[in-house]
Amino acid sequence: MCTHTPRCPSASSPAAEAARVVVGHPEQGWSLLCNGVLLFEDTGELLPDGRIIAPRRLTEV
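Following numbering that gives the first Met the number 0, the numbering of the sequence shown begins with 0 at its first residue and continues without gaps.
By construction, these hints were calculated from the structure, which means they are not laboratory data. All clues given are correct.
Distance windows between CB atoms, simulated:
#1 4 x 53: 31 to 39 Å
#2 4 x 58: 35 to 43 Å
#3 51 x 14: 13 to 21 Å
#4 13 x 56: 16 to 24 Å
#5 3 x 48: 16 to 24 Å
#6 39 x 3: 19 to 27 Å
#7 4 x 41: 26 to 34 Å
#8 58 x 3: 33 to 41 Å
#9 4 x 56: 34 to 42 Å
#10 41 x 17: 17 to 25 Å
We treat Cβ as the ideally placed atom computed from N, Cα and C, and that holds for glycine.
Could you build all of it, start to finish, from the sequences and the hints given here?
In structure tokens form, the structure reads like this:
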């Protein structure tokens, strides 16, 4: 999906969330990144291959 330079990190990269936002719907709580990742406001992700990354929850220390 990424056609600009420099290229965005791939969906499988640990830095995948650093990709550019292609479509943003903050009112609905999600954004589509250039690498095909759907990023949700609760930090959950849906990868292009259908895998789900659970939201990261902060823990108190």
